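Asks: As a plain string of letters, each chain reads:
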Amino acid sequence: MMLIPCPWCGPRDEIEFHYGGQAGVAYPQDPQAVSDQDWAEFLFFRDNPRGEFAERWLHAAGCRRWFGLRRDTVTNRVLDSDDTRTVTQ
Amino acid sequence: MSRFRLRTGGRIDRDRPLRFTFDGREYQGYEGDTLASALLANGVHQVATSIKHGRPRGIMAAGVEEPNALVQIEKPFPEPMQTATTVRLADGLEATGLPGQGRLATDPDPARYDSMHAHCDVLVVGAGPAGLTAALTAARSGARVIVADADTEFGGGLLGTSERLDGAPADTWVRQAVAELDRYPEVRQLPGTTVFGHYENNYLVALEHRGEHAHTRQRVWRIRAREVVHATGSHERPLVFSGNDRPGILLAGAARTYLHRYGVVPGERVAVFTTDDSAYAAAVDLHDAGVEIAAVVDARGSVPPPWESLCTERGITLMPGSAVVTTSGRERIDQVRVAPWWQDEAAPGAEHTRIACDTLLVSGGWNPAVHLHSQARGGLCFSEDLGAFVPDGYPPSVRSAGSAAGEPTTDACLASGADAGARAAVACGLTAEPADLPRAGSVPVRSGRTVWMVPSPTDSTGDTQYVDLARDATVADVRRAIGAGMESVEHIKRYTTLSTAHDQGKTSGTLASGVITELLGRSTGEIGTTTFRAPYTPVAFAALAGRERGDLYDPVRVTSIHDWHVEQGAPFEDVGQWKRPWYYPRGDEDMEAAVLRECGAVRSGVGIQDVSTLGKIDVQGPDAAEFLDLVYTNKMSTLKVGRVRYGLMCHADGMVFDDGTVARVDEHRYLITTTSGGAAGVLQWLEDWLQTEWPHLRVHLTSVTEHWATIALAGPRSREVLSRVAPGMELDKDGFPFMSWKDGTVAGHGARVFRISFSGELAFEVSVPWWHGREVWEALVEAGEPLGITPYGTETMHVLRAEKGLPIVGQDTDGTVTPYDLGMGWAVSKKKDDFLGKRSFTRADTARTDRKQLVGLLPADPDLVLAEGAQVVEHPELPAPPVPMLGHVTSSYRSAVLERGFALALVEAGRDRIGDTVHATAGDRLVAATITDHVFYDKEGARRDG
Amino acid sequence: MAPRTPGADLPEHPEWLWSSPEPKASYDAVIVGGGGHGLATAYYLAVNHGMTDIAVLEKGWLAGGNMARNTTIIRSNYLWDESAGLYEHSLKLWEGLEDELDYPLLFSQRGVLNLAHSLQDVRDSVRRVNANRLNGIDAEWLDPAQVAEVCPIIDTSEDLRYPVMGATWQPRAGIAKHDHVAWGFARALDRMGVDIVQNCEVTGFERVGDRIVGVETTRGPIRAGKVAMAAAGHSSVLADTLGLRLPVQSHPLQALVSELLEPVHPTVVMSNAVHVYVSQAHKGELVLGAGIDAYNSYSQRGAFHTIERQMAAAVELFPMFARAHVLRTWGGVVDVTPDASAIVGLTPFEGLYVNCGWGTGGFKATPGVGWCFAHTIANDGPHPLNAPFSLERFTTGALVDEHGASGVAH
Amino acid sequence: MAEITGESPLASRTELLAETSVPGSLDIGEIPFLTQVTLRVAPEGAAAARVADTLGAPLPGPGTSAVAGDLLVLWMGPDEWLVVGEQGRAPDVEEALHKALDGEHGAVVDVSGQRTVVEIAGPRSEEFLNKGCSLDLHPSSFGPGRCAQTLLARTEATLLRRHGATPVFWVLVRSSFARHLADWSADAAAEYGEGAVLA
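Protein chains in written order, with numbering that gives the first Met the number 0: chain A, 0 to 88; chain D, 0 to 945; chain V, 0 to 409; chain E, 0 to 198.
Every clue listed holds true.
Below 30 Å or equal to it, Euclidean Cα-Cα: the simulated DSBU-like pairs (lysine-lysine) are:
id, chain 1, residue 1, chain 2, residue 2
1, D, 741, E, 98
2, D, 639, E, 98
3, D, 634, D, 837
No wet-lab data here; the hints were simulated from the structure.
Here the structure is a predicted model, which means the values were calculated and not measured.
Same shape as in the complex, but just chain A (with noise of 0.2 Å):
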């Protein structure tokens, strides 16, 4: 039972928390305009490294806010997590 840190909340138990995999895969600026490769990678592709890994949470059962963590995969070690605490306007 990971111990993930929500900028919010502290750290809590992993199964309050919803996994969102990679951080930082935008969505294409304009869809229509990218070409099918670009967007299976979009829809499909993401990085999967053995290591350090920056990737999105969502505190599911506590704050509902998602956040970003670097944590390793090897080790399940968290590294840093999000603290600029984005607030939806």
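Given chain A, put chains D, V and E in place with the hints provided.
Replies: Showing chains D, V and E alone in chain A's frame:
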């Protein structure tokens, strides 16, 4: 009292005798005994026969590491594969010896299990000398401490020895330590509790045995600790020699434990074979308890001086530079043969001394119990000094202390525990005072001779040299594995099944590495061990299931009207976690009859359904319209205040994943609905896009699913019913047009009423706050009674919508279906620049015009109802497989209004096939059906206004 | 001396298995990954295509990854034609494999029940049964009473939180002993002169333009005419060295065994809805698999709450398991694709072939994928059975969505 | 103040919770029909300041609650609060908050029916909650006024420790899950009942 139970001594209660049965014979033991100590006290050594070779096997250890003494508990309740050394004796206990396979009870387990979360600054695992000083030191610093020990009492190894601390019996100090721990309000003591797993971020799980008659038989503790001290002790290692498996052969430390803990001696004439110092204490203690010590055989060249004089004083024969090379005896050992074996000699000499004995104590050194340390991803290295694997490198906030860290003496264990406890406290930001430690005055320990196996003059293959007694794996087996080309300890373990039994190799693991090392001619460090995995000791499935049994397995969600449905005898359908009424049988109606009646009522009169389970989300903000335009396939920004629109949602891959209605509440506010099972997923998905892709959009989402109880009134007479309880509300088709909503008063309560229909009939949905749900429902039922109002369930709702060709997401779709496939291109905006899913529609495969499309299917035989899931093929005769399939039936019912069976199906290029005859599987045969449009009833929509 | 405990022991392994040669400087083909798939691929390359100048490179000990960690279920009752074709081909090979390899694989066709717990489960199950039958795969739909006949220890009463509403039944499905399968292939390869090189980690590829001509390993460079990846959960790491992106994510998948128990469970039971699958292996231990953990990880361990949840499901379905004991838990790294189907075929690089993305379904496919992947490598083009499992399908959208039929809904 | 008629989510479990309670040890009961209004507003802004003025107390920060006259304000997220009051207050609370937002972006939603409140009091309450909740509820980390959204008995719940001499917790649970929580509570607290009988 038997000759093996001493008149005094031990920690048993001689005033509380307990009767128990083993292998059908009745015996007596005492409160405080284990099954093993009670058996030994009765002179019973052999517990079972071995799994593979069928050899007699006896009690070898006194704790969880026991490889042999497996028993099946029969009473109080059947439980398989317990070790006699860990079964607490109880009155009426019945057990039998097991040769390897246990037996599960056929009756349900009546016991209760649960779990408990706990937090602490410092978790100390083990309450022996190191664990107690660690706990005391941390507790004195003010830390929140949990100290857990598998044994029923704290003290660990101190309870099984004759050791003295500060001149007094060790248990005096243990009592004082426990009493001191009792005084700290922030210390939790968990005796009888085995920590069996160590996971990330110092999350440890432990099993507490609360007693067979306790309210909760076992409890799983889920402990989150800031700092952990593993004071888990060590396990004595047996020695590998020919015939090392006979009953009567015990670990030396175990014999000491039986003596001091239970007042039991294992035999009358005891030989000892050791490679280190610790077995001497057993010899001396047993001698002092009146047991004859036949000889102490030490593989080292000389006897350590303090022990030499203690033994000589007692007239104990010492045989340094020797080894036991073989044993004899039928059901129990009766003789050992000893040969000279000096340290630098490859094999023992040929001259044998025969020594008669009924017990042989062995000690091959001690393996630190590094299981949890290793689970926590701590490193290990092989210590040549100890001849064992010891911790080498700790993960953050984890440390080992005492013999678990390789400390050889009680004094060193006490000090190392105090040190670990202090460092743990300091790591928590507390100040730890140097501990005032008791002194054991331990004699210095001389290092042992690491002996992996004693070469045998009679057994050159090693067929009777057992490495793992639990699996009957011998040196010969290891030789065979190596001979087959195996070099990795993992392969050899698998080839021989070494260390895979109930004890997971607690006595055999390191030994196996050593034997492999020797046979391969490598170093033990290079060979390594196999991975230590949770659980440390076996845990019952039921204990891990805990309270999550029956209805508590997964939460049951109910609506505010639930009890009414129960009172009407409705069976329920599971939809996600919700319970939804399926249909309402009257008299002895079966489901088909009930559903035909309910459908008929809605089509010709009026029906009422509880639709409170639909997900409801309040969407507010200046950019709400723009946001909804992005997440629905159709346009929501053009919706007028007061109106409602059906909406489809696709994932970015273009596949339909939810649907519902969108009502515009005001310029900047919408109320949207989702499917019952999809509500949480949709909200999460919307938040994802809103927070991470479009944070510039000023929109807030709030779930209001349970705020509203929602009741659907459907049928040509629904208006009439509603008018009776909503007298002030304008309900005619112009004043309250289709796809609009209004606020008003229904049955005396503020309500929001929607004119939407999932059946094609005139229909209303009435929403009131949760607590008025049942009241308003009953008012509507009462008002509708003269009109024959009929409650209907999910099945009828499904039939009615299917007659109208409306899909159910998840039933008529499976994650591979686009809006176009559903024939719902009308719900996909052509005007919007973008919405989720749009880009995917132009991919090669998604743009195909011959994709599977939702169509109607009318069986040639009108009485026939096709099976949902039936496959559709082109021809009436089946060719040899694989048979090309056109698609499958997604929904199929008997229709009251059509007076026949009908179905919806996803069929390849289905819309081009309308009018064609295809064939659907029905058991082993095919039945003909005609492809039709997917709307079967009231295509013109004439009925929706009543 | 008493007789041994019946059934509690396994047949002996042969006197010779495989040797551990030093790698040569060059081979016709190199297989990266000495798991079941790598071994089977090498085997069929040798047997079907006459290629024996092959090395199977394994970074650790042979078949020590997912091959050593799976729950050994073999079945072919997949929904879509594409999957059915491949898995059924595999099952047919399994049916002759023991004889072919002359090794006791303990392949036991005791059948598999896939339980349905909701009306939608029932619809999906009937759909799958019908599709299976038309694809020539043995499949039946059983009602709860029939389920109880096949497996009397399942609680088929209606008062379960999620009652058993029926099950699909594939009688030819079953289990085998994983180590024996790997070792059977390895011994056969050794006899045919194929090099099995352990403790040899591939760290990169040698390329000339877009052509792959060899691999870099911890034991030096090895040149190869063809390089085939069969590296399961580690595929992404390898492909990354070429800048090749694969649509796979590596997740923990856990399993566990109980102690040895007298036979009580005659078949294999899988339940997608409550995330548990269970069989009783040959020696008598219950073998259970759980759902995959949600997050990416290479740690070969999962979270304990997954195990607890799995036990709750197991005891709910099989009340008699209450006092069976968890003896050992472990985790593997499974590579999961967006459509829960594998990727087997060509890559943008000439001479490089990929086989990955098997998620939870790799073991049962072992001989089938070995056969097809060998064909792909030998002919530089896919076999008809693996053609649908190309990398391109993610661009065209022609996915093979097996979330419903794969072992675990993820 | 309007009395709410009708049935609260735990009306059918009133007796069960009373039987589950162990005097002097653990007390469990529903506080039905409380007003609950969700407020969404940017925390640092004029609107938030006006809301604070209106409530008479600043909006509480992460993990905390504030008493604002006869209202209680719980932090639910970085821009989200739950305003809790006596039953029947929803319309005037909504109106006041809307007025305070004064057209600035925010949201005010009446969610009074969305959750019900279960009060858990007594010396055993921490331990009892920890049977189904993984939070550290020790007063040093979860003292009076602290609140948290978390999982309890496999359901989403908002926990609030109230001020008082003995431990008192409020659990805000979704109405559809409330019976599950009550049934779970009865099972989880059963051992205390037995203890009481033995004592």
